Each structure stands twice: as structure tokens, then as C-alpha cells.
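Here the protein sequences come in this chain order: F and E.
Just so we're aligned, residue 11 is where the first sequence starts under this note's numbering, counting upward by one.
Just so we're aligned, residue 11 is where the second sequence starts under this note's numbering, counting upward by one.
To be clear, the hints were calculated from the coordinates, so they are not data collected in a lab.
Among these hints, one or two may not hold up.
Identical copies go unnamed one by one, so any copy, or any two together, can satisfy a pair.
Here are the computed lysine-lysine pairs in the BS3-like style, where the Cα-Cα straight-line distance is at most 27 Å [what the hints assert, rightly or not]:
| no. | residue 1 | residue 2 |
| --- | --- | --- |
| 1 | LYS415 | LYS385 |
| 2 | LYS59 | LYS385 |
| 3 | LYS299 | LYS231 |
| 4 | LYS415 | LYS146 |
| 5 | LYS299 | LYS230 |
| 6 | LYS162 | LYS231 |
| 7 | LYS299 | LYS97 |
| 8 | LYS32 | LYS98 |
| 9 | LYS146 | LYS42 |
| 10 | LYS433 | LYS98 |
| 11 | LYS385 | LYS436 |
| 12 | LYS97 | LYS32 |
Just so it is clear, the structure is predicted and the values come from calculations on it, not from any experiment.
This is what each chain is made of:
There are 2 protein chains.
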Amino acid sequence: MLDLLFVNACIITMSDECPVIKSGYLGVSDGKIACIGEGSCTEKATVVKNCAGNILMPGLINTHAHTAMSIMRGYADDYTLDEWLFKKVFPAEGRLDERAVAAGFRLGAAEMLRFGTTSISDMYFYQPSIAAIAEKMGIKVSLSNALVALDKGTYNPALDRSISETVELATNWHGRANGRIRADAAIHGEYTSFTEARSCMAELAQKYGLTMHVHLSETKKEHEECRTRNGKTPARVLYDEGIFDSRTIAAHCVWAEEEDHDIMREKGVSCAHNPISNMKLASGFANIKRMVDKGVNVALGTDGCCSNNSHDLFEEIKAAALIAKCINSDPTVINAYDALKLATVNGARAQGREMECGRLCAGLDADAIMLDCDKPHIQPVYDPVSAAVYAAKGNDVCLTMVQGKILYENGAFLSVDIEYAMKEAKTYGMERVIG
Amino acid sequence: MLDLLFVNACIITMSDECPVIKSGYLGVSDGKIACIGEGSCTEKATVVKNCAGNILMPGLINTHAHTAMSIMRGYADDYTLDEWLFKKVFPAEGRLDERAVAAGFRLGAAEMLRFGTTSISDMYFYQPSIAAIAEKMGIKVSLSNALVALDKGTYNPALDRSISETVELATNWHGRANGRIRADAAIHGEYTSFTEARSCMAELAQKYGLTMHVHLSETKKEHEECRTRNGKTPARVLYDEGIFDSRTIAAHCVWAEEEDHDIMREKGVSCAHNPISNMKLASGFANIKRMVDKGVNVALGTDGCCSNNSHDLFEEIKAAALIAKCINSDPTVINAYDALKLATVNGARAQGREMECGRLCAGLDADAIMLDCDKPHIQPVYDPVSAAVYAAKGNDVCLTMVQGKILYENGAFLSVDIEYAMKEAKTYGMERVIG
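Please construct the entire structure, taking both the sequences and the accompanying hints into account.
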């Protein structure tokens, strides 16, 4: 007896051997995909959902987010990067306490569930308390508190919150909630830290077997100043220090050069591409076609929604495909299927969850979403992959499921009190941001 | 007694003297905005709508669309431009009859109403029958059938459907339906016609006082081949022929040069910027900042949804702002308010409807939309203009009204049988496209 059975579904599996099942079924048992195939299922189920006309597909994976920044959505638009960071974002972040960060995470994670995201690589602070919220919300999270260490003279790892939170996450949370919660190690960036501090974080990654999460060559200034300071690129600096000896997600990589792509392929470093944020902050267009051609694993992220201002991966998927076509003057580049891979298969690989999710295959976690296609802006559907990539939006997700548990369905948030989440963000969160 | 009164509304008026009313009212009488202001309204109304927490704003204006192409949504993605046009789009269009085009228009216009578009500049064929559909649907349309005349030897204006449809539209439809329906003249492009044929269409524009609608410098190839053929740019060719002596919408302008911008400003030619289509077909990024700085009126379009694949102007608004920032390496360029102007005030001006819509002011047509902001992906709202531009999507529109008549509200299409529209597009329309 299956727990849950989806029938009459058009399924985008994202398995290369059979990417699309035009009409089939997907059965869930104990949080895993028990069976998937064409036509009808012979097994019975406790709950049966008829998906006629809709698309079932893997949950989307957000490999670079600062989820709690959703309380700053629209707080600081259209500023220069320096003003944005030093006059708006940093002062506001200085006013955030644990409760405000919790409010931001709850709001942002609810938005992500609503828009079909099932797993987040989240870099922010107060992460052990966020882990507890994520556990209740049922979404998968890889949590990190990124090392920022500017002053070599006064740096003391024993007093560094990023170190202590990483240890706490690694010892108390890593692998908890049926594997949904993970600890990541994180270094904010080459330009915001020095070698010895970075090696403290790298040691934690090695010791606990954590994925490393870093910002890399996001802006031209950052990239070129590193070259001036070190005579090499940020990627080369981190490579030489052994940072990439742990599985790594490198966010942005807008200004990464060909030799950096070589490093990334050699070390299995994934790029977390954030096309919307990169445009909004005018950082530049990352050329993911070149990375993909080189064999680099490219995934997607929304970044903080203060520079976005959404957590809608459907928006990032379409933007990634379109930008790649335009900057390479070739409309065949990053086709719809390639684009969807970024947010599914490649995202799972970046997070180290490739044996767990990112595709719909028997044995993997039942992390799936459903798109309501009975809408004028999605019809007609010649090709479900095209419909998902070029026509659908996060708002068209009508069901989000993680490990077989439905967390969002047809307007209802089933694992979070959405009224409370919005009110808390609008009142306490906003007050702390404005100060 | 007002017909309709919106109360407790956060209103984005798009009037420069008072762009935002934090909490106010808007009254409708005989299809016009009778009153608008802060606080409460003293007049009574037949119907009162409480907008608490929501945003009321002008309906969006799509200045370049081939609406009926919505039946080809997803039919031809990721092809080279030549394959796309000659192997997919043209053969499919050759199979379209009046019924299929009607199905496509009905679907596309329903999508636009759902996403907050109240006025369309639509270039396609079978336009007199489309006028009748648009009249029933209540949406504003400026309809054209664009001249394509490749062979000088055999060209006969008396046999040219674009000429006869334009005359029919101008004599039977222009100004009908309380001004909602207009006829436009249209020339597909410099590269798909010759001088004498263009002058036939230009004469119609002059004779009937029509707006002219053309494609201009969409691709590098088109722009450079024109320079080689004529020793001047497409804009200069059309200028020298007097085409721009009528009010003109020039779509795309990706490769337009500084001297072309000068021409556009001098002649009041509006650019219909189509950022999504330009990226998907890899045509390039139009630099609208340069045009705006020059004093050119820049508006927005979705183009045909076979190269988009949406008719969501919220997507275009955000893309326009983001691309402008990124290609000019300056995040302050085209701020949220500037971006919203493209789809409202500037759109109305491009269509020659600036004394009629594009802003919410007493005396103008009551063309307005409401955004449902009670959603995690829009909260918190520090600035309603930012929320509308960077966070909201077409799907967040909960009410669309044209000339005081509500055409879409909370999932219900009030002027079109949406089940029929979708079925007709999925069956008859798809069959004709596939052939």
C-alpha cells in the first residue's frame, strides 16, 4: 500500500534516459519515490491525486540564498553597490536580532515553498535557531554562517561566531530531520578574509565532511583587486589554500576566467549562478555556457532578496537561459532542458544531494512539485519542458512536497502559520530593519 | 452617485506631482476616473471595493504584440533565428486560418487581462475579425496588419491584404467601442519591403490619422544589411521617406545608433522595447538608458509569445530595469519608478492614448489594476513602486478594469468564456499550428 499516488500526470523526471513521461504515475512510500512510470499504477494508495493536465516535476534547488534577507525586500533598490552595502544593508543587518532573522527566514522559506523550492543552501546568521524553524517547515536546508575576518591583528577564532555556529550546526544538526538539515562551512569571500582565518573554516569542512560555500568573483572590482593583491584570481587563491578540497559551491563567478573554470572542473566546484541579483546590482552577466562547455557544474540561486527581490527559481531558470542566448548571440544555447537541469539535477549535485533528489526516480526522496497548467498563460502545451521553463512562474506551483510530505497545496501552507509569518515580518522584522 | 469606489487603497498614480497615495480612494463614473485622493471619499457609490493592503495602479500598456501567436507558445524554442522563422513560424502561420488566429488572440488577450494589461498594440492578420473579439472582451486594442512587400515587380497594392485590412479597420473600426478600438498602419520592416509599397501604407496613416507601427533594427544582420544596401540606417531610410511623419511605434531598436535616437526624438518616434524576446532570439540588449537620456519615449512590449513565451508585462518591466543596470554597469539606472513608467505613461504616449490612460487622474479612463499584496513573496512593502516592479508578477493581479468595467477579478474572467478560449486554442489552434 503506497502512502500517496499521483496519477494521470505529465512527469518531467529529469532523468536523461527518459526525461518526460507524457502520462504516468508516481507513487510515494515512506517519503521515497516507490514507483514511477507510464500509464497506470497497479498498486493501491492511501491518498490518490489526479494530476490530469498538470505537470509533476522535481522540486527546485536554490544553491545560494540569504533567505532571511526577505525582510529587507524592497528596502534598498537602485543604489550604487557601496551605498547599498554600507548605507543600507550593513546598518540594517546590524539591527537584526535572532527574532528578526527568524521572521525573515520564515517568510523567505514560505515564499520558496510556494514557488516550488524544496532545498536551500542558505548563508546567514543565527543559523542554529534557523535549523529548528526549517525542521518544522519541512524544507531541506544546508545552513552556513560565513566567515568574515578582515583584521588579522585582532582575529580570534574562539570568538568568531561563524566558527562557533558552524561547529554547533555540524555537531547538533548535520544530517538531522531525516537528512533534511545539513551544516555547510562557509567563507564569505576571498576579499573579506585572510588565509589563516579561512584555514580555520576549511578545517571544519574537512573534519565534519561539510560542503563549503563561498562568494567568488561576483564583481569586477573584487576580482581585479584580488589579482592586484595576490597576483592571481580569487579561485586560484582558494585553490592554492586547499579550500576547494571540500565539495564547494561558488556563488556568482561573474568575472571568473577560463583558468578559473579549469580549476572548478578539476575540483568539482559548482557555480551557483544568480542571474537576477547579478543584473540588479549591475555585477555583470556570468557566461554559464562557457562553464557548462568546460564541464563545470552550474546550478542556480536567488541570492538575498534585497538584491532580487524574489525567491522565484522559475524566474532564475528563464533568465539563465535567456541571458546565455543573448550574451553568446546564439538562441540555441542553454535550451529549455539544460535550463531546467540547472535548478534540479545540477542543484542537487552542488549540494551533495545528488543521490537523494534533483530527479524523479524510484528510490530517491519524494521531493516533487506540481504545476497547474490549466491557465491561459501556459496553454497550449506542445512540450512540458518548454512550458515549465519559458511560460510557468513560481505562482503556478500548486503543490510542493518534500520527502513525501505535502508542504504547500493550492494556496494552503501546511507546515507554517503563514498569517503569523507575514505579520511577524511586517511588524517586528520591518521595525528592526528601519531602526 | 459613483458607479464604483475603491477605498483604503495604496495607489500608484504615475502622476509625477503625486506618484503614490499611501491610503486613499478612487471613484469611477461613466467609465472615467471621477475622483482620486488621499483619505476617505465623501461621495457614495453603487459598488464599493475595499483595497486594504493592496496596490491600485494604472493598467499596463503593451506597445508591441502579435497576440494571436499565443497558440504557438512553446512550439519553437531554442532554434537559430533562420530555422525558427523559416522552418517553424512561417510554415505554421501559413496554416493559420481566421478561426485559428481568433483562438490565438482570445487566449493571448485573456492572458494579458489576467496579467494586468489593459491596452495592446497588436500587429497580425485577420484584424477586422479580431476587432470584433476585442470589442466583446473589453480590452483596448490598436490593430494593424503589417505590410510585407518583397517583390517590386509583382507588387499590387490593390491585392495587398495589409492595405485592404488597414482601410477596413480605419473606416469601420477606428475609434469604435468608445474609443477602445483603433486602427494602426504598419510596415513590417525596412528589410521586408520597398519604398513604393511603404509609401502606400504611409499614405493611409496620413489619410486616416493612424499611428504607424514598424519593426526597427531588431537584429544586427537587419541593421547592417540595410546600411550596406542603402548607405544609411533603417531609421534614416524611414525618416527620409516620411514614414515618421505619422506618430510611430518602432519595435525593438536593439541596434539603433545614436543618430537613430536623434531621429526618434526629433520625430517623436517611440521605442517599443521587448527585452524578453530580444534575449530569447539572441537579438541583443537594447540600451534604453541611452534612449531615455536622449529624450526618446521608451515603452514596452511582449512581442509574439512564440519568442517570449509570455504576455506578462511585469516580467518585461523588471527585465527592462535589470538589463539597463547591468549593461550600463550602474545599479542606479532605470529605477523602479522609471521602469514602471515604461509600461504605463510612456506606453500610453506611444499609442497616442496619453490623454486617455497610463496614469490614474480624474478625467482619464478608469483603466486600472489591483495587486494582491497579501502574499509572502510581496511582503514586507517598504515602497509600493518597488513592490510592483521588483516583487510582483502578473499572477498577482487580482483585478483588471478597462473604462470602469471589471474584466478580470480573483480568478474570474468576466468578458470571455475562458474554458472555451483555452479549449479552442488547445484543439483547433494547436492542430492548425502542427498541420
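Looking back at the numbered hints, which does the structure fail to meet, lowest number first?
Going through the list in order, the structure violates no hint and respects every one.
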